[in-house]
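K.L.:
Here are the chains, one letter per residue:
There are 2 protein chains.
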Amino acid sequence: MDGQKNQQKNSMHVMSGIHSTHDGMGQATRKQFRKSQKNEISVDDFSREIRQGSRLHLAKAITLLESTVSADKRAGQRLLQELLPHTGNSIRIGITGVPGAGKSTFIEAFGKFLCDEGFKVAVLAIDPSSTISGGSILGDKTRMEELVRHENAFIRPSPTAGTLGGVHKKSRETMLLCEAAGYDVILIETVGVGQSETIVRGMVDFFLLLVLTGAGDELQGMKKGIMELADLIIVHKADGDNAKMAKKTVAEYQQILHFLQPASPGWTTKAIPASSKDYVGIEETWQIICSFKDTLMKSGFFIERRQSQTKDWFHTMIVDRLMDQFYEQPHTKTTVKSLEAEILKGNKTVSQAIEQLFLDNKS
Amino acid sequence: MDGQKNQQKNSMHVMSGIHSTHDGMGQATRKQFRKSQKNEISVDDFSREIRQGSRLHLAKAITLLESTVSADKRAGQRLLQELLPHTGNSIRIGITGVPGAGKSTFIEAFGKFLCDEGFKVAVLAIDPSSTISGGSILGDKTRMEELVRHENAFIRPSPTAGTLGGVHKKSRETMLLCEAAGYDVILIETVGVGQSETIVRGMVDFFLLLVLTGAGDELQGMKKGIMELADLIIVHKADGDNAKMAKKTVAEYQQILHFLQPASPGWTTKAIPASSKDYVGIEETWQIICSFKDTLMKSGFFIERRQSQTKDWFHTMIVDRLMDQFYEQPHTKTTVKSLEAEILKGNKTVSQAIEQLFLDNKS
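In the order they appear, the protein sequences are chains B and U. Each step along the first sequence adds one to the number in our numbering, with nothing skipped, and position 314 is 314. In our numbering, each number is its position in the second sequence, counted from 1, plus 1000.
Where hints are given, some of them may not hold.
[Stated by the list, open to error] Keeping only pairs whose Cα atoms sit at most 25 Å apart, straight-line, the calculated SDA-like set for lysine to any residue is:
#1 Lys1247/U x Ile1282/U
#2 Lys1073/U x Lys73/B
#3 Lys73/B x Glu1355/U
Hints were generated in silico from the structure; no laboratory data involved. As the structure is a computational prediction, the values presented were derived from the model and not from experiment.
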């Protein structure tokens, strides 16, 4: 936890809640939401603490939302509902890049610059791969060492258990909580695995792609269409002997970008060199983001995109829920598997398999 | 209908079926599937006619599959089931391009070349836009004038009514019927609207993108990521004054392709100039496709892709069906609409809206 210094009154038993369970609030903390008992804080109090900048309460609230315990989740939702009018005031920035592109050193440098400028910065991470590796993207304590200690920063790794859809949902709501807590800039970091970039693109205003010199070579390892998601391409590690090569790479990317569709209508995706080590391109990145927001606010697309992102999210959740309900039914999974095998053997048409599947599920 | 010359015995009342209704077989034809009545052909007979090359029966069978009448659809499915062991032996080629890129003149030239070589060629079209415009992509009788008359060719416009998902399903099954009828090459034409290219990419082996000279300018009008779907980019109308410019455009595309992920693992997407007028690049296109098939058969990806396409189709159909069932319930559409409005106003979190929606639907 990075919010220790902000300990406030009433937070002691919240603390105990944190320590008692990791994936849930625990009964003791949950009870705090019942106004009947004294010395326990209500949703109102909790939400006020968050709005007043208690990182401890913010962390706690995120844990509630992420919990697999129904009562915790409900408490988290009530809290979010309460805070909803105070959300939406940040700029939401997605950051992706190939492994080794230096995402965390960039976030450290960029985040520190913003914090020093007086902005409150929240860093969230979406890492679908760590479900497999078992490690968390931000678990490495040496990452973002200085940013972690900055009083204006809040760093939160996403829980990696569960489906990507789940991460999706929780990260969005975490983002909203951070906004209610007064964070001006939300940085959402993701690695190029599965659908994570598309999901992150679907919840941010601005999308930033970090690459290395020698365009093309390392893009081979990236997902298709990644460049067309980006509002800015940063050729990172443009320092020392690499600086000249970075310039050339920037020119190459600019040329490619000319042929691609821009990620945001009315905005020309840019490519710039940057070095977190030599502090090159850090302030420029922020200027570009500000000019982006300006341009898209004027055209109306900024608001339009946010609204359509929210709508898409709702409709994705409907599909997710329908799929969950469907596969929760007894035997559905095995029936689907065996029908799939029949189809692949050429024994059944897909249409027939569908008819059989939905007939079986009715009876 | 282009299959008149192949009239066979027993086809007379099939003909009357064609004329009686457009979106269904009509009661008379449907009865042919009941073996009890004499002078009527059974599924067995019907499937034999198709396999023997009757374009009339093929056209009729497609109409059955496309029908909105349940009995017709069932008959079509029984027929497809019967024919399933005879499918899969064609090369499936998707063709897309910006409006004005000359898709139909290219298909005419390419299709005629293939027919003259002795291949049987089926041309299907997917045009989601014509639902709005009301016109069919192949409705214009002047298109593919010569190919239409070739004895080795079968041209079938897709029905454009209904959802793209529906077109998707029908086009796949139409493709299978054409394969059972002995067509060696299936050309699936689509226009760059909505999800149609992605859907077509999901059902073909090879995907061909037609562009014009001056790369970049006309790509602005195309969907994002379209180049990363293509196994071959043809710079079309490379004739007369345009020939030199086409060469330059080819070089530009080759350069961009170097930075993009190839559509098919183990295959380097190529760019070539072509002219349907001057018969340039037509045979080369076929050579490239043959070399593509060779390469991917050796690596195993050819079969692997087909199997994963079939699996994806099955799973897409499950989602489609679940969505249909969900929205068929009374009030669902209006509830979703009003919840969406609540969310956008900031009165509800998405999670709360989901809970309410699925609670309402249960009760």
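K.L.:
So, for every hint listed, does it hold in this structure?
P.N.:
Structure-based check of each hint:
1. A hinted pair counts as satisfied when its Cα atoms are at most 25 Å apart, and Lys1247/U with Ile1282/U qualifies at roughly 16 Å.
2. A hinted pair counts as satisfied when its Cα atoms are at most 25 Å apart, and Lys1073/U with Lys73/B does not qualify at roughly 46 Å.
3. For the hint pairing Lys73/B with Glu1355/U, the CA-to-CA distance comes to about 12 Å; that is within 25 Å, so the pair holds.
Hint 2 from the list above is the single one not met by this structure.
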